[in-house]
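Trainee: Sequence:
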Amino acid sequence: MIHGPASDAEIPEWISALGIDGLVDLHLHFLPKPVMDKVWAYFDQAEEHYGMAWPVYYRTSEEERVETLRSFGVRRFAPLVYPHKPGMAEWLTSWALEFAERVPDAVPTGTFYPEPSALSVVDNALRAGARCFKAHVQVGAYDPRDELLDGVWGALADAGVPVVVHCGHGPLKGAYTGLRLFEEILVRHPNLTLVLAHAGMPEIDFAFELARKYPRVYLDTTMVGVEFTLRGNPLPPDWTDLLAQFPDRVVLGTDFPNIPYSYATQLQAIAGWAADDRLGEPFLRAVLHDTPAKLLSV
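Numbering (the working numbering), first residue to last: -19 to 278.
No wet-lab data here; the hints were simulated from the structure.
On a predicted model such as this, the values are computed, not experimentally measured, just so you know.
Think of the CB as a built atom: it goes at the ideal place given N, C-alpha and C, for glycine as much as any other residue.
A couple of the hints might just be wrong.
What the hints assert, rightly or not - DEER-style ranges, computed between Cβ atoms: (1) E44 / D257: 39 to 47 Å; (2) G134 / K193: 31 to 39 Å; (3) D257 / P14: 45 to 53 Å; (4) D185 / M32: 30 to 38 Å.
Said to hold, decoys possible - Straight-line Cα separation of at most 27 Å, DSS-like style, residue types lysine-lysine; simulated pairs: (5) K65 / K153; (6) K274 / K193; (7) K153 / K193.
Please build the complete structure, drawing on both the sequences and the hints.
Mentor: Given below as structure tokens:
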């Protein structure tokens, strides 16, 4: 039986026993302080928004959060940023690129929004070395099929740079959420390196259908299979069967710091899946290090 770390303090010893030199987290968040403060204020009202409390577990300063990740053994990570209105994407992308310059553990990232400058923002970020992008369809409340984004999807597909897309209906359904809607992007850009945030919850079965159709579709583990989300988003009965079909198409994501439980909790869930004889430690090494490291070119 494979057991995950019982606490954050046990993470370094656990990953060392797996034979990897650290974790590579492809889905977590660092944002400019005014934006992060607003995000945390939103979660403070989670009972009003979601009908349940959502206490942010790692509500500390930026410097402390970086050191916390290092203490876990997170070797590299993608600090994802995302706009919710026009005029934010270029600023957030510039901030994320600067953050990666001063925090060597961070991979340069970028974002975009359906506005006339979208393609130039992405092109400039790619030239500056961005190795991952975030698109938050639910928070941004935009149609990913907007013609202002067609060039963006094409540029990202051509560059082979992964884009983490939150297009699922969870935790709240949006006007343009839904994996079937987003598949229209993949039909036009089948070579897009797409990472489905939260494994596409709650449409996990269809997320694997997309992985089956499109060889550059991946799923991240963010908030998947933990008690907090299992209440409303149970895993498919054949969950480990699906994982066994795509063991190299699943990547570590956590949503740190904006999670209402410990970092170790997500690792415990992933370790539980690996208890299936078809998965085991090779699956863990792939999810926690090898596959996200390949996507982020680290």
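Trainee: Determine for every hint whether it applies to the structure shown.
Mentor: Status of each hint after checking the structure:
no.	hint	in the structure
1	E44 / D257: 39 to 47 Å	holds, 40 Å
2	G134 / K193: 31 to 39 Å	violated, 19 Å
3	D257 / P14: 45 to 53 Å	holds, 49 Å
4	D185 / M32: 30 to 38 Å	violated, 24 Å
5	K65 / K153	holds, 18 Å
6	K274 / K193	holds, 21 Å
7	K153 / K193	holds, 25 Å
When held up to the earlier numbered hints, the structure conflicts with 2, 4 and fits the remainder.
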